[in-house]
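Take the given structure of chain A and dock chains B and C to it, following the hints.
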Amino acid sequence: MNILEIQDLTKKFDDFIAVDDMSLAIAEGEIFGFLGSNGAGKSTTINMITGLLRKNKGSIMILGKETSKDSEFVKRHIGLIPQEIAIYEDLTAYENVKFFAGLYGLRGGELHDRTVEALEFVGLTEKQKSYPKTFSGGMKRRLNIACAIAHQPKLIIMDEPTVGIDPQSRKYILQSVHKLNEMGCTIIYTSHYMEEVEEICSRIAIIDHGKIIAEGTKEQLKSLITDSKLIFIEVKSQEAIDVDTIYKIQGVTDVKVDENTVQIHTELGVNNLNQIIDYFIRNQLEIRSLDEKEPNLETVFLTLTGRNLRDS
Amino acid sequence: MERWAILNKLILIFFMGLTLIYQETIGLSWAVLLLLLYLCINICLHLSSRQVLVTLFLLFSMTLSIMGNVHVSALFILLLPLSVVELLDKWKTRTILSFILAIVPVFYVQQEIRAIYVLIAIYTFFTYTMGKFFHEKLVKKEEQLDAMRIMQQKLMKQINENDAYMKQSAYMFKLEERNRISQEIHDDIGHAITGALIQMEAAKRLMRGDQEKAEQLLQNAIGITQDGIESIRLTLKNLKPSIEQVGINRLKLYIDEFQARHDKRTMLTYRGNMDRITHMQWKIIQENVTEALTNSLKYAEASTLIAVDVNVLNKLIRIVVKDNGKGAAKIEKGLGIIGMEERTATLDGKIIIDGNDGFSVTTLLPIQQDEGKS
Amino acid sequence: MNMLQIAWKEIKHEFRDIRTLVFMLAFPIVLMLVLGTALTGAFNEDISIDDMDVLYENTNDSLSEPFKAFTEEVEQSGIHFKPLSDGMNGKEQVEQGKVDGYVSVDQSGFHLFVNDQSSIEGSILQGALASFVDRYNLVSEITKVAPEKAEIVFSNAVKHDYIDDHALVPKKQPGSMDYYAIVMTTMIALYAAMSGSQLIAHERSRKTASRLIVAPIHKRDIFIGKVMGSIVINMACIMLVVAFSKLVFHANWGEHLGLVFLVLLTEIIFAVSFGVGVSFLIKTPAAPTMVVLIVVQLASLFGGAYFPIENPEGILKVISSLSPLTLENKAVFNLVYANDSSFIMPAIVMNIGLAFLFLLISTASFRRGEGI
Numbered sequence: 001m002n003i004l005e006i007q008d009l010t011k012k013f014d015d016f017i018a019v020d021d022m023s024l025a026i027a028e029g030e031i032f033g034f035l036g037s038n039g040a041g042k043s044t045t046i047n048m049i050t051g052l053l054r055k056n057k058g059s060i061m062i063l064g065k066e067t068s069k070d071s072e073f074v075k076r077h078i079g080l081i082p083q084e085i086a087i088y089e090d091l092t093a094y095e096n097v098k099f100f101a102g103l104y105g106l107r108g109g110e111l112h113d114r115t116v117e118a119l120e121f122v123g124l125t126e127k128q129k130s131y132p133k134t135f136s137g138g139m140k141r142r143l144n145i146a147c148a149i150a151h152q153p154k155l156i157i158m159d160e161p162t163v164g165i166d167p168q169s170r171k172y173i174l175q176s177v178h179k180l181n182e183m184g185c186t187i188i189y190t191s192h193y194m195e196e197v198e199e200i201c202s203r204i205a206i207i208d209h210g211k212i213i214a215e216g217t218k219e220q221l222k223s224l225i226t227d228s229k230l231i232f233i234e235v236k237s238q239e240a241i242d243v244d245t246i247y248k249i250q251g252v253t254d255v256k257v258d259e260n261t262v263q264i265h266t267e268l269g270v271n272n273l274n275q276i277i278d279y280f281i282r283n284q285l286e287i288r289s290l291d292e293k294e295p296n297l298e299t300v301f302l303t304l305t306g307r308n309l310r311d312s
Numbered sequence: 001m002e003r004w005a006i007l008n009k010l011i012l013i014f015f016m017g018l019t020l021i022y023q024e025t026i027g028l029s030w031a032v033l034l035l036l037l038y039l040c041i042n043i044c045l046h047l048s049s050r051q052v053l054v055t056l057f058l059l060f061s062m063t064l065s066i067m068g069n070v071h072v073s074a075l076f077i078l079l080l081p082l083s084v085v086e087l088l089d090k091w092k093t094r095t096i097l098s099f100i101l102a103i104v105p106v107f108y109v110q111q112e113i114r115a116i117y118v119l120i121a122i123y124t125f126f127t128y129t130m131g132k133f134f135h136e137k138l139v140k141k142e143e144q145l146d147a148m149r150i151m152q153q154k155l156m157k158q159i160n161e162n163d164a165y166m167k168q169s170a171y172m173f174k175l176e177e178r179n180r181i182s183q184e185i186h187d188d189i190g191h192a193i194t195g196a197l198i199q200m201e202a203a204k205r206l207m208r209g210d211q212e213k214a215e216q217l218l219q220n221a222i223g224i225t226q227d228g229i230e231s232i233r234l235t236l237k238n239l240k241p242s243i244e245q246v247g248i249n250r251l252k253l254y255i256d257e258f259q260a261r262h263d264k265r266t267m268l269t270y271r272g273n274m275d276r277i278t279h280m281q282w283k284i285i286q287e288n289v290t291e292a293l294t295n296s297l298k299y300a301e302a303s304t305l306i307a308v309d310v311n312v313l314n315k316l317i318r319i320v321v322k323d324n325g326k327g328a329a330k331i332e333k334g335l336g337i338i339g340m341e342e343r344t345a346t347l348d349g350k351i352i353i354d355g356n357d358g359f360s361v362t363t364l365l366p367i368q369q370d371e372g373k374s
Numbered sequence: 001m002n003m004l005q006i007a008w009k010e011i012k013h014e015f016r017d018i019r020t021l022v023f024m025l026a027f028p029i030v031l032m033l034v035l036g037t038a039l040t041g042a043f044n045e046d047i048s049i050d051d052m053d054v055l056y057e058n059t060n061d062s063l064s065e066p067f068k069a070f071t072e073e074v075e076q077s078g079i080h081f082k083p084l085s086d087g088m089n090g091k092e093q094v095e096q097g098k099v100d101g102y103v104s105v106d107q108s109g110f111h112l113f114v115n116d117q118s119s120i121e122g123s124i125l126q127g128a129l130a131s132f133v134d135r136y137n138l139v140s141e142i143t144k145v146a147p148e149k150a151e152i153v154f155s156n157a158v159k160h161d162y163i164d165d166h167a168l169v170p171k172k173q174p175g176s177m178d179y180y181a182i183v184m185t186t187m188i189a190l191y192a193a194m195s196g197s198q199l200i201a202h203e204r205s206r207k208t209a210s211r212l213i214v215a216p217i218h219k220r221d222i223f224i225g226k227v228m229g230s231i232v233i234n235m236a237c238i239m240l241v242v243a244f245s246k247l248v249f250h251a252n253w254g255e256h257l258g259l260v261f262l263v264l265l266t267e268i269i270f271a272v273s274f275g276v277g278v279s280f281l282i283k284t285p286a287a288p289t290m291v292v293l294i295v296v297q298l299a300s301l302f303g304g305a306y307f308p309i310e311n312p313e314g315i316l317k318v319i320s321s322l323s324p325l326t327l328e329n330k331a332v333f334n335l336v337y338a339n340d341s342s343f344i345m346p347a348i349v350m351n352i353g354l355a356f357l358f359l360l361i362s363t364a365s366f367r368r369g370e371g372i
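Residue numbers (my numbering), protein chains in the order written: chain A, 1 to 312; chain B, 1 to 374; chain C, 1 to 372.
Hints should not be assumed to be uniformly reliable.
[As the list claims (entries may be wrong)] When the alpha-carbon atoms are kept at most 30 Å apart in a straight line, the in silico DSBU-like pairs for lysine-lysine are as follows:
id, chain 1, residue 1, chain 2, residue 2
1, B, Lys-330, A, Lys-12
2, B, Lys-92, A, Lys-57
3, A, Lys-229, B, Lys-350
4, A, Lys-133, C, Lys-68
5, C, Lys-12, A, Lys-57
6, A, Lys-65, C, Lys-12
7, C, Lys-219, A, Lys-154
8, A, Lys-57, B, Lys-350
9, C, Lys-246, A, Lys-140
10, A, Lys-133, C, Lys-219
11, A, Lys-69, C, Lys-207
12, B, Lys-140, B, Lys-92
13, A, Lys-12, B, Lys-92
14, A, Lys-57, C, Lys-219
15, A, Lys-129, C, Lys-12
16, B, Lys-154, A, Lys-12
[Unchecked claim] Restraint-style ranges between C-beta atoms, simulated for each label pair:
id, chain 1, residue 1, chain 2, residue 2, range
17, A, Gln-238, B, Arg-276, 30 to 36 Å
18, B, Glu-112, C, Ser-205, 53 to 59 Å
19, A, Thr-299, B, Ser-169, 52 to 58 Å
20, A, Lys-133, C, Phe-244, 28 to 34 Å
21, B, Gln-153, A, Val-163, 38 to 44 Å
22, C, Glu-310, A, Ser-136, 57 to 63 Å
23, C, Ser-205, A, Glu-182, 20 to 26 Å
[To be verified] To give a feel for the contact side, a few chain B residues facing chain C, derived at Cβ under 7 Å:
id, residue
24, Ile-21
25, Gln-23
26, Leu-33
27, Leu-36
28, Cys-40
29, Ile-43
Hints were generated in silico from the structure; no laboratory data involved. Predicted model only: the values in this text are computed from it and were never measured. Beta carbons: idealized from backbone N, C-alpha and C, even for Gly.
This is chain A alone, in the form it adopts within the complex:
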């Protein structure tokens, strides 16, 4: 079942078209990535899903209900982790989470339990009595997450949750995304960090100028551009190489020998590196170095839009 369905969504700010006739469906249980440069329309889309902005055209259905009609039902099942840290500096970590969870109708003992659970989830149990003033950037980010998950939403929307934090906290956050997903949450993750999206997302939409220009698993996206990767193997001597044998290895489409380097084109998604290396070893060809060139999302983005993700 699709947890989110967007049809012909459009948002204009005066004459600037921020989201342009966008259609999209996200199934339950996915970690769906929105990939795009700043100003591509990711945040605008998210703001319309969560009800922060009104749409000009189109429809947004969450759990089968139109957001603008059943907004209370829909909002109850969404957790938004905003791009900027949105917490109260003069309330303690515990009070922050409790206040926001309380807005979702939780009361009394249940409210307390959920608050404690959420703080435990982000690893701030020991700090629950402290004020966020004393927190590091990463801890604030984690509290920012806790405030959005205490009411156990079905759909969690994370808008650039890893901007400007240390690698350790980033790792922690990426792990919690996985954990939340395993607990049954569907996650929409926006970022302009390619590696993150590539690492955690099960499906990705590349957004540019308010449009989804490509969508699919990362393999599908990569295959838009090319269906092969290159393996460079440098050997001591090329004399004993039998190109025809290498051709017979599954997935290999082209083999070129250039001085001491063997260039092997092989199909993407076929794991044949072992067999290739095995061939060299069996024939007692001494491998000096091995290099693999595989297209990544960065190349996909660059090729499709002509710009680097971090340019703008």
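Chains B and C alone, transformed into the frame defined by chain A:
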């Protein structure tokens, strides 16, 4: 329209406030209270849209002005005419009636403000009525304008569709023509050669017996074959499309032409296997490039170079037209861009328009699955 | 319920903000202290008064005995009573300024003639005589019931310092500390507009506005909750300021503290609504606070928060009557010093009316806008 009524009220209140302060009326606080109440009622009035509520508020406001007149200050009666005019207007009575009703209370008004009352009644009546009159006119005109805009859009769309249809038909004609010619080859030349073959066969048999007859037959066959060859040559010459008419060459030719005509350096580069692009896709590429180049000319005066790049990727064709001008922070979607989008969408493609670093139009077209390996 | 939650959060929030406390509590108290002591002179009624000469003519025999005792008594306080000599016109003498007053006692009672009733001398005389008359009436009543006790009353009365009674008269005018206690409190109540203007802007700048909007609660609840919280915390501050000035500075707040608080409460409601209204009318983050600050400063200046504005004339009258503080202060002063509650209603009505107006503007703009 409402704005005028509100403005009128504010002017009245301002006038009354000033007069009250200068007159140093005794019940100033009551007067202020009443004025505030009046303000509140009238704000509610303009916020609500239900006829009943509006009427109620107006009646309340009228009572308030009369009560104010009797108990606090004579001036309050000045608020009455506007409410009367508004109320009667809400119930769509004739304007003359509202004028009379607004002016009638003058006979009950205290002597000293009678003149002011008449002035205010006439003034409010006229500003309100004139305001309404012009407002209605404006609304009507706007409706007409909207209707015309919609009409224009419709016509524009029709023109576009017709254009597309014409081009489509031209292409169909070409195909038909080609069909006809191949039929001709089959029918005419084929028959001629078969005829020549039969005559030569006969000549071979007759060679021994009737040499003269054989010679004649051979001569016949030679004639037919010569005719046939000539006919083949002719047909082929007509049939084969000029090299300029297809694919990348046509694009090249167009860009050369463009460069010559507009004196702007324009470069075409292409990568990948051009054979994977279908005719339909070429047609769209050609049209989009034309449109994008025209756009570039129009908006990028500062540019010195336009680069056109066609790149065939694994499952996508990417066509970029990019200039090195100033670009545009804001991109307005004109008919040209919408046209490109619609055209491209027919083949499930996408258009990206970017004005950050020069102006660029990127067309992405998927390569049909049945052509590649699926 | 959500409304209350938000209100409660707002209160906690403001209470922990040290700036609020300093501004709403320390600021008025320090100002009271500084202005109240520095400007004592402008209010001080403790003026040394020269000896006064008073002519009198007594045609009421029954009063001659006690009146004589009275004149002897006040002699010690520097009021010299001299009988009117023949051929002298007491009123003329007063008009010419030769004597400070002329008292004529006849069957109908006392007649006091002084040059300027509002002068200090005049009021002292008035006070002294009034207290004498009071006491005499008391005595005559007692005489009617129990003649033997009358002597006791008079012998007690002899010990009385009649002039002491005049202290009642200047008491009707507030001293500098009393004055500033009231005007500072009404001023600081108006400063609640500052927190009002920050109410929504703060959520925006903290980015928590998006969280609130995303939550399944009505925008109305957010709005009302926040305004409610702000009113409560500001009211609490004002009550503390009043209590402090009453207990520490011994400022006079009169007998009807409840009514005073009612006026202050409505003023806070007005101020908060005004702040909120401005923050919706002007959308930039810093401007509303500036506007509120300027308006409140001007209102304070012309409303008499820094120095009393008495009997303004012409344009000053118009300006000062535009300041809401003029009416608030008038209401409170009249209540405290004259037991006159007739200005309470207008002040409350004005506060609530204006508050309603600004809240209407805000809600209209709040409901229409996107986000907060």
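Structure-based check of each hint:
no.: 1; hint: B:Lys-330 <-> A:Lys-12; result: 12 Å, holds
no.: 2; hint: B:Lys-92 <-> A:Lys-57; result: 36 Å, violated
no.: 3; hint: A:Lys-229 <-> B:Lys-350; result: 26 Å, holds
no.: 4; hint: A:Lys-133 <-> C:Lys-68; result: 79 Å, violated
no.: 5; hint: C:Lys-12 <-> A:Lys-57; result: 41 Å, violated
no.: 6; hint: A:Lys-65 <-> C:Lys-12; result: 37 Å, violated
no.: 7; hint: C:Lys-219 <-> A:Lys-154; result: 23 Å, holds
no.: 8; hint: A:Lys-57 <-> B:Lys-350; result: 19 Å, holds
no.: 9; hint: C:Lys-246 <-> A:Lys-140; result: 45 Å, violated
no.: 10; hint: A:Lys-133 <-> C:Lys-219; result: 28 Å, holds
no.: 11; hint: A:Lys-69 <-> C:Lys-207; result: 25 Å, holds
no.: 12; hint: B:Lys-140 <-> B:Lys-92; result: 18 Å, holds
no.: 13; hint: A:Lys-12 <-> B:Lys-92; result: 39 Å, violated
no.: 14; hint: A:Lys-57 <-> C:Lys-219; result: 23 Å, holds
no.: 15; hint: A:Lys-129 <-> C:Lys-12; result: 15 Å, holds
no.: 16; hint: B:Lys-154 <-> A:Lys-12; result: 23 Å, holds
no.: 17; hint: A:Gln-238 <-> B:Arg-276: 30 to 36 Å; result: 33 Å, holds
no.: 18; hint: B:Glu-112 <-> C:Ser-205: 53 to 59 Å; result: 55 Å, holds
no.: 19; hint: A:Thr-299 <-> B:Ser-169: 52 to 58 Å; result: 42 Å, violated
no.: 20; hint: A:Lys-133 <-> C:Phe-244: 28 to 34 Å; result: 29 Å, holds
no.: 21; hint: B:Gln-153 <-> A:Val-163: 38 to 44 Å; result: 43 Å, holds
no.: 22; hint: C:Glu-310 <-> A:Ser-136: 57 to 63 Å; result: 60 Å, holds
no.: 23; hint: C:Ser-205 <-> A:Glu-182: 20 to 26 Å; result: 36 Å, violated
no.: 24; hint: Ile-21; result: 6 Å, holds
no.: 25; hint: Gln-23; result: 12 Å, violated
no.: 26; hint: Leu-33; result: 5 Å, holds
no.: 27; hint: Leu-36; result: 4 Å, holds
no.: 28; hint: Cys-40; result: 6 Å, holds
no.: 29; hint: Ile-43; result: 6 Å, holds
Checked against the numbered hints listed earlier, the structure breaks hints 2, 4, 5, 6, 9, 13, 19, 23 and 25; every other hint is satisfied.
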